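Could you build all of it, start to finish, from the sequences and the hints given here?
Residue numbers (the working numbering), protein chains in the order written: chain A, 1 to 475; chain B, 1 to 169; chain C, 1 to 119.
Calculated directly from the structure, the hints in this document are not laboratory data.
In this text the structure is predicted, and so the values were computed from the model without any measurement.
Errors might be hidden in some of the hints.
[To be verified] No more than 20 Å apart at the CA atoms, straight line, and that leaves these computed lysine to aspartate or glutamate pairs for DMTMM-like: (1) A:Lys351 - A:Asp229; (2) A:Lys98 - A:Glu354; (3) A:Lys292 - A:Asp229; (4) B:Lys127 - C:Asp5; (5) B:Lys127 - C:Glu95; (6) A:Lys351 - A:Glu155; (7) A:Lys351 - A:Glu435; (8) B:Lys127 - C:Glu87; (9) A:Lys351 - A:Glu438; (10) A:Lys159 - A:Asp229; (11) A:Lys292 - A:Asp357; (12) B:Lys127 - C:Glu74.
[Stated by the list, open to error] Derived list of chain B stretches under chain C, where covered just means 3 residues or more per stretch with a C-beta under 8 Å from a C-beta of chain C: (13) 57-64; (14) 67-76; (15) 117-131; (16) 143-155.
Think of the CB as a built atom: it goes at the ideal place given N, C-alpha and C, for glycine as much as any other residue.
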Amino acid sequence: MSVTGSDLLGILAVGIVSVTALIAMLAGVFLKNSARLVMWLGLAGMAGAFAAAWGTYPSAGTAFGGMILAGGYASFFGMLILCAGILTFLLASDYLRKEGVEYPEFYVMVLFAVSGMMLMSAAADLIIVFLGLEIMSVSLYVLAGFMRRREKSIEASLKYFLLGAFATGFLLYGIALIYGTMGTTDLAGIALRFASAPPPSLFWVGAGLLLGGFAFKVGAVPFHMWVPDVYEGSPTPVSGIMSTGGKAAAFAAFLLVFVKSLGGGGAKVQTLLAIFAALSMVTGAVIAIAQKNLKRMLAYSSIAHAGYMLTGLAAANQLGESGVLYYLVAYTFMNIGTFGVISLIEQAEEKRLEFSDYAGLGLRQPFLGIVMSIFLFSLAGIPPLAGFFGKYYVFAAAVDAHMTWLAIVGVLASVVSVYYYLRVVVFMYFHEGPEGAEVISVPLLGSVALLLSAAGVVGIGVFPSSILSLTGWFF
Amino acid sequence: MDFVDIIFVVFALIVVVSAFIVVFSRSIIRSAFSLLFTFFGVAGLYVLLNADFLAVTQVLIYVGGILILILFGVMLTTNVVSVEIKTGTLQTVPAAVIVAVLSGTIAGIFWFTEWHTAPAREGPTTKALGTLFMTDYLLPFEIASILLLVALIGAAMIARHERGTEGGR
Amino acid sequence: MVLLDYVPIFIMVSLAGIFGLVLSKASEIFGPKKPNPEKLSTYESGMQPIRTARERFSVKFYLVAMLFILFDVEIVFLYPWAAVVRELRLFGFIEMLIFVAVLLVGYVYILKKGALRWD
Chain A
1 MSVTGSDLLG ILAVGIVSVT ALIAMLAGVF LKNSARLVMW LGLAGMAGAF AAAWGTYPSA
61 GTAFGGMILA GGYASFFGML ILCAGILTFL LASDYLRKEG VEYPEFYVMV LFAVSGMMLM
121 SAAADLIIVF LGLEIMSVSL YVLAGFMRRR EKSIEASLKY FLLGAFATGF LLYGIALIYG
181 TMGTTDLAGI ALRFASAPPP SLFWVGAGLL LGGFAFKVGA VPFHMWVPDV YEGSPTPVSG
241 IMSTGGKAAA FAAFLLVFVK SLGGGGAKVQ TLLAIFAALS MVTGAVIAIA QKNLKRMLAY
301 SSIAHAGYML TGLAAANQLG ESGVLYYLVA YTFMNIGTFG VISLIEQAEE KRLEFSDYAG
361 LGLRQPFLGI VMSIFLFSLA GIPPLAGFFG KYYVFAAAVD AHMTWLAIVG VLASVVSVYY
421 YLRVVVFMYF HEGPEGAEVI SVPLLGSVAL LLSAAGVVGI GVFPSSILSL TGWFF
Chain B
1 MDFVDIIFVV FALIVVVSAF IVVFSRSIIR SAFSLLFTFF GVAGLYVLLN ADFLAVTQVL
61 IYVGGILILI LFGVMLTTNV VSVEIKTGTL QTVPAAVIVA VLSGTIAGIF WFTEWHTAPA
121 REGPTTKALG TLFMTDYLLP FEIASILLLV ALIGAAMIAR HERGTEGGR
Chain C
1 MVLLDYVPIF IMVSLAGIFG LVLSKASEIF GPKKPNPEKL STYESGMQPI RTARERFSVK
61 FYLVAMLFIL FDVEIVFLYP WAAVVRELRL FGFIEMLIFV AVLLVGYVYI LKKGALRWD
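This is the structure in structure tokens:
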């Protein structure tokens, strides 16, 4: 066997990101004060990878003897994750300087995390799922504890690591049992065997463990315990990419295993997913109400959003699956944007993270007020923004799949969630700010990132078909 | 019961008993050293399964590396001899129920599954593994190097000294 | 039977175990025991211990152990490759070169960052 050009073309995008990370690492140690340079290098690399993913999008297939997906689905997720990475870079540089931790390693680790996410979302073999997941997770463990002097950051890192390692163990055990019953880790091979004969019950134990591992990574109830503390303690841009890119990668692999390979997994798996979805939506929405800290509120909201996305998976029909992909795109833009605004308002030592710190912000700083409102309205699911259509697709899919109860739970949870999203808007526009509140200067890169995210939220909200036409033929 | 079965039982006993000591011992040093026997026993089980390379890896990495890491980890704590590692016992009952149900299910299914046993392959496996790494599993092999690299930087990052704003010294 | 191949290892491990046990027990049983306070002090004819020996280790030990494991794993990957490198010729060589090059970047990183420097 040898490696052909089409093999290399298939992993071109993720290869570019990895090589960029290696070069950035070397630049980081050999050049002094190179954080800025490494950031631009990483941005250029990710832009190149984006172009590569875009270019290979039409030629869907597999590479390296069926190990990894190339083009199509992989390119779609590659572009989505790269968007998250680019936005994170733009938002991070000023945040890191403000916190006094502007080291080139931050960007290197984000690049590695991005390459892990891309691998995971392109996996055609369970081994690649595992390796991608580990690269992503190890990078994120380190990034969560990047601010070593902040107790909460360390706590976030440790909690994420301990629980994440546990979840990885579950996942690996699941993969081992599936390999034991199916004789292969190749997803296409598993699909063939699954379709030809009913698998033994041991297979379902393996699939259940795998499901637990994925549910942990997407932060769905009952595997959500880590989410609030980790999102709250991590550096804000890291929370942003963790909740968007990480979630997208985990959902991508989730879909590849349970939908593409196992065809939805049958009624029992779908019911289980529906229960997870309902619990996540309700738990996330209800607990978020009680939060005072904005990052913590977004963490619970993220659990709820994982629930909405799981609704699409539980429905296991074509509408649900493209709905999940659409939702992931929408969620990426609106959530990174929200975390971006928070990272600008936030001051060193974890100050200015409460609702009350946003009082009068909308009048004082019209730009931040407007983009934040766009993101929050979208998160709440108000038309014509992207968040609304995401919810619409997954709920419609649930109704189609005769899970009307799930759609009703989802709509009720969304109604509850409007309260805490709009509460921020109310604080921004209808509360008096403190006397002489300082006007935060919005850095250039940060405002570019916010503008891009806001444009994404509005753009794919007004033209949902732009995403649906990209994803329609995947399933 | 033939000879191989007896060896299996011996190794299995080593694993289970030492694992019990790991969990229930009061001194974490004792736990850590007991883990040595667990790792060794598992290596023995690999040998019985004709996975010779895996057995060597187990000894090399777990006994030779991970265990040292764990011992250093133990020594990083201030109280070495008698650390109360049990946390609050509020959740004993739910934990016991969950563990019982999970292990019961898995054990039951293991018991009732009809296992397909592949014919035992004789001889060393190292060459076959090498060929597979270089052909079918080429991509995972290269990705593994990235994973190792990430762990490397991660370890250096987490354990870095921070003085002033100068990084990583 | 393949297990026959492991008999030398078994003999060696048993001998090592017996040797260690017998020696430590023998000195315990046959050694003269005449304890006095001077003899029981930490350094029988030297300095007084000034504080407890049970101090926290520097995190550097941990880092070194961690780096050791990572390169240990690398060697585990090298070994099966070495068994077949002749048959794979240049192709296999290049593959391993990429693998090692990636880790070499990591090595350069920790070297430059001073993670291997002790003071």
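Right, here's what the structure says about each hint:
1. Our distance criterion of 20 Å between C-alpha atoms is met by lysine 351 (chain A) and aspartate 229 (chain A), whose separation comes to about 16 Å.
2. Under the criterion of a C-alpha separation no larger than 20 Å, the hint pairing lysine 98 (chain A) with glutamate 354 (chain A) is consistent with the structure, at around 18 Å.
3. Taking the CA atoms of lysine 292 (chain A) and aspartate 229 (chain A), the gap is near 14 Å; set against the 20 Å cutoff, the hint holds.
4. Taken as a hint, the lysine 127 (chain B) and aspartate 5 (chain C) pair is honoured in the structure, with Cα atoms around 17 Å apart against an allowance of 20 Å.
5. For the suggested pair lysine 127 (chain B) and glutamate 95 (chain C), the alpha carbons sit about 16 Å apart, so the restraint of at most 20 Å is met.
6. A hinted pair counts as satisfied when its Cα atoms are at most 20 Å apart, and lysine 351 (chain A) with glutamate 155 (chain A) qualifies at roughly 18 Å.
7. Between lysine 351 (chain A) and glutamate 435 (chain A), the direct Cα distance comes to roughly 18 Å. Compliance with the 20 Å bound is thereby established for this hinted pair.
8. Restraint check for lysine 127 (chain B) and glutamate 87 (chain C): the C-alpha separation of about 10 Å stays at or below 20 Å, so the hint holds.
9. Between the alpha carbons of lysine 351 (chain A) and glutamate 438 (chain A) the distance comes to roughly 14 Å, so the proposed pair stays at or under 20 Å and holds.
10. Restraint check: the Cα-Cα separation between lysine 159 (chain A) and aspartate 229 (chain A) comes to about 8 Å, which is no more than 20 Å; the hinted pair holds.
11. This hinted pair checks out: lysine 292 (chain A) and aspartate 357 (chain A) have alpha carbons roughly 10 Å apart, not beyond 20 Å.
12. Restraint check for lysine 127 (chain B) and glutamate 74 (chain C): the C-alpha separation of about 17 Å stays at or below 20 Å, so the hint holds.
13. Closer than 8 Å: that is the beta-carbon criterion, and the region 57-64 of chain B has 4 residues meeting it against chain C, so the requirement of 3 holds.
14. Only when three residues or more bring their CB closer than 8 Å to a CB of chain C does the claim for the region 67-76 of chain B stand; here the count is 6, and the claim holds.
15. For the region 117-131 of chain B, the stated coverage by chain C is satisfied: 7 residues place a CB nearer than 8 Å to a CB of that chain, which reaches the threshold of 3.
16. As drawn, the region 143-155 of chain B meets chain C at 9 residues by the rule of a beta-carbon pair under 8 Å; at three or more, the given contact holds.
No hint from the list above goes unmet by this structure.
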